[in-house]
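Once you've looked at the hints, dock chain R against the given chain G.
Protein chains: 2
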Amino acid sequence: MRKLGLVGGTGPEATVLYYRGLIAGVAKIKGPEALPKLSIESLSPFEVFEFCAAHDLTGLTDYLLDAINNLAAAGAECAALTAGTTHLVFDELATRAPIPLVSMLDATRNEAQAGGVSTVGLLGTAFTMNSDFFARSFAKAGIKVVVPSAEKIAVIQKMIATELEHGIVKEVSQQQLVSIIKEMVAEQGIEQVILGCTELPLILNDTLSPVPCLDPVPLHISALVNYITS
Amino acid sequence: MRKLGLVGGTGPEATVLYYRGLIAGVAKIKGPEALPKLSIESLSPFEVFEFCAAHDLTGLTDYLLDAINNLAAAGAECAALTAGTTHLVFDELATRAPIPLVSMLDATRNEAQAGGVSTVGLLGTAFTMNSDFFARSFAKAGIKVVVPSAEKIAVIQKMIATELEHGIVKEVSQQQLVSIIKEMVAEQGIEQVILGCTELPLILNDTLSPVPCLDPVPLHISALVNYITS
Numbered sequence: 066m067r068k069l070g071l072v073g074g075t076g077p078e079a080t081v082l083y084y085r086g087l088i089a090g091v092a093k094i095k096g097p098e099a100l101p102k103l104s105i106e107s108l109s110p111f112e113v114f115e116f117c118a119a120h121d122l123t124g125l126t127d128y129l130l131d132a133i134n135n136l137a138a139a140g141a142e143c144a145a146l147t148a149g150t151t152h153l154v155f156d157e158l159a160t161r162a163p164i165p166l167v168s169m170l171d172a173t174r175n176e177a178q179a180g181g182v183s184t185v186g187l188l189g190t191a192f193t194m195n196s197d198f199f200a201r202s203f204a205k206a207g208i209k210v211v212v213p214s215a216e217k218i219a220v221i222q223k224m225i226a227t228e229l230e231h232g233i234v235k236e237v238s239q240q241q242l243v244s245i246i247k248e249m250v251a252e253q254g255i256e257q258v259i260l261g262c263t264e265l266p267l268i269l270n271d272t273l274s275p276v277p278c279l280d281p282v283p284l285h286i287s288a289l290v291n292y293i294t295s
Numbered sequence: 066m067r068k069l070g071l072v073g074g075t076g077p078e079a080t081v082l083y084y085r086g087l088i089a090g091v092a093k094i095k096g097p098e099a100l101p102k103l104s105i106e107s108l109s110p111f112e113v114f115e116f117c118a119a120h121d122l123t124g125l126t127d128y129l130l131d132a133i134n135n136l137a138a139a140g141a142e143c144a145a146l147t148a149g150t151t152h153l154v155f156d157e158l159a160t161r162a163p164i165p166l167v168s169m170l171d172a173t174r175n176e177a178q179a180g181g182v183s184t185v186g187l188l189g190t191a192f193t194m195n196s197d198f199f200a201r202s203f204a205k206a207g208i209k210v211v212v213p214s215a216e217k218i219a220v221i222q223k224m225i226a227t228e229l230e231h232g233i234v235k236e237v238s239q240q241q242l243v244s245i246i247k248e249m250v251a252e253q254g255i256e257q258v259i260l261g262c263t264e265l266p267l268i269l270n271d272t273l274s275p276v277p278c279l280d281p282v283p284l285h286i287s288a289l290v291n292y293i294t295s
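Chains G and R, in that order, give the protein sequences. Read in order, the letters of the first sequence are residues 66 to 295 in our numbering. Read in order, the letters of the second sequence are residues 66 to 295 in our numbering.
Warning: the hint list may mix true and false statements.
Copies of the same chain are indistinguishable here, so a pair counts whether it falls within one copy or spans any two.
As the list claims (entries may be wrong) - Heads up, simulated DMTMM-like pairs for lysine to aspartate or glutamate below, C-alpha to C-alpha not over 20 Å straight-line:
| no. | residue 1 | residue 2 |
| --- | --- | --- |
| 1 | LYS95 | GLU112 |
| 2 | LYS102 | GLU112 |
| 3 | LYS68 | ASP131 |
| 4 | LYS102 | GLU115 |
| 5 | LYS95 | GLU115 |
| 6 | LYS93 | GLU78 |
| 7 | LYS205 | GLU157 |
| 8 | LYS209 | ASP171 |
| 9 | LYS102 | ASP127 |
| 10 | LYS68 | GLU112 |
| 11 | LYS68 | GLU142 |
| 12 | LYS93 | GLU112 |
| 13 | LYS205 | ASP156 |
| 14 | LYS68 | ASP127 |
Since the hints were derived computationally from the structure, they do not count as laboratory data. In this text the structure is predicted, and so the values were computed from the model without any measurement.
Isolated chain G (complex conformation) (with noise of 0.2 Å):
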């Protein structure tokens, strides 16, 4: 099994998640006494916005890198971040990186990619839909990635900040995120929804969705799960 690096922190809670998932999907594949071989560098989320904040790319990239270095040190063999965010600067990252690093974008391309689709929508806090990372991934498989209008982001950005990151999931916020999902349907042609921000599953579902979700963290946690396994 290789040993994976993992850039924790960003925030815990995903960390917790990560942590959790990759030994149940470990031990699902290697069985119930095999756990992985696992280093965590756990770092601040608040660290990130202000880089994010002052479009500070560079220091984003050597807080981060710090981190996988630290993780190679350690004996990594293979690194993953843990935060949709901080992918904003994955490939600087994965050039300068000591050890390969899987991506949580391409783990959510690679689930698109396999449903055959050509166009996906892009849920998430204003700075992911205002960024290219994930369509910049996305259209390495010929797929379009397409984001709501500028007044329904503020409309989701403000849902995150106030409900769904203080655990609050309101149906009126259900039935407004649906109903801007559905007009992703019919004028952008979207077949696919990524929920871009791990507080969207929280509030959204495959049952709940007109289209089918693509959920990066289960996504990612597969993918590094294969990888640290085959």
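This is chain R only, laid out in the frame that chain G set:
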């Protein structure tokens, strides 16, 4: 803030407890946007069980030391073990580790010492109750650690393995533990009781127990938070 290395995975849920506890503890002292600098090496409880079952303390020490060396290579300035059982070889590890180790046993002993007690009871797995690692640490403060009779040790071991480890809390078992503690108070003069197994706080607390409980995990987390923030 000092960077802390955690030897985790033994078991994984206790690692999550430490991770969340350290983050909450640092936030309480340093503010909500302060996170601990943290590296985690995740090992396997099953490997630890095997070393213990084979009485291979050299193997266990090397296994844990390897993780501590990885943590030091990742920049950790101090380290901690996240399982009571692995403290069996704490003294040997502390001598050989390249960075200082913060002991769960000493954190628990300091609390007992602050309470001014001279005799404490120890409950835990049969392995822990039959080992002297708690006793050796407490002896440094002149505090005696006593355990129940062999018959009662077997009862508690079965309770942990067949009920508590599966999250089952039976009232009859609770009463059994309380009467074991009462007996230890009457016959051995214990003034406090160590919950020396991470599952025991599920079934015992200060309200139920005839004497105050010493819960090593939160005491250890609190000692670690003080160590890294001071």
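These are the hints, each one checked on the structure:
no.	hint	in the structure
1	LYS95 with GLU112	between (37 Å within a copy, 15 Å between copies)
2	LYS102 with GLU112	between (27 Å within a copy, 12 Å between copies)
3	LYS68 with ASP131	both (18 Å within a copy, 14 Å between copies)
4	LYS102 with GLU115	between (32 Å within a copy, 17 Å between copies)
5	LYS95 with GLU115	between (40 Å within a copy, 18 Å between copies)
6	LYS93 with GLU78	between (22 Å within a copy, 17 Å between copies)
7	LYS205 with GLU157	within (16 Å within a copy, 53 Å between copies)
8	LYS209 with ASP171	within (14 Å within a copy, 58 Å between copies)
9	LYS102 with ASP127	between (25 Å within a copy, 16 Å between copies)
10	LYS68 with GLU112	between (27 Å within a copy, 16 Å between copies)
11	LYS68 with GLU142	within (5 Å within a copy, 22 Å between copies)
12	LYS93 with GLU112	between (35 Å within a copy, 18 Å between copies)
13	LYS205 with ASP156	within (13 Å within a copy, 54 Å between copies)
14	LYS68 with ASP127	between (23 Å within a copy, 18 Å between copies)
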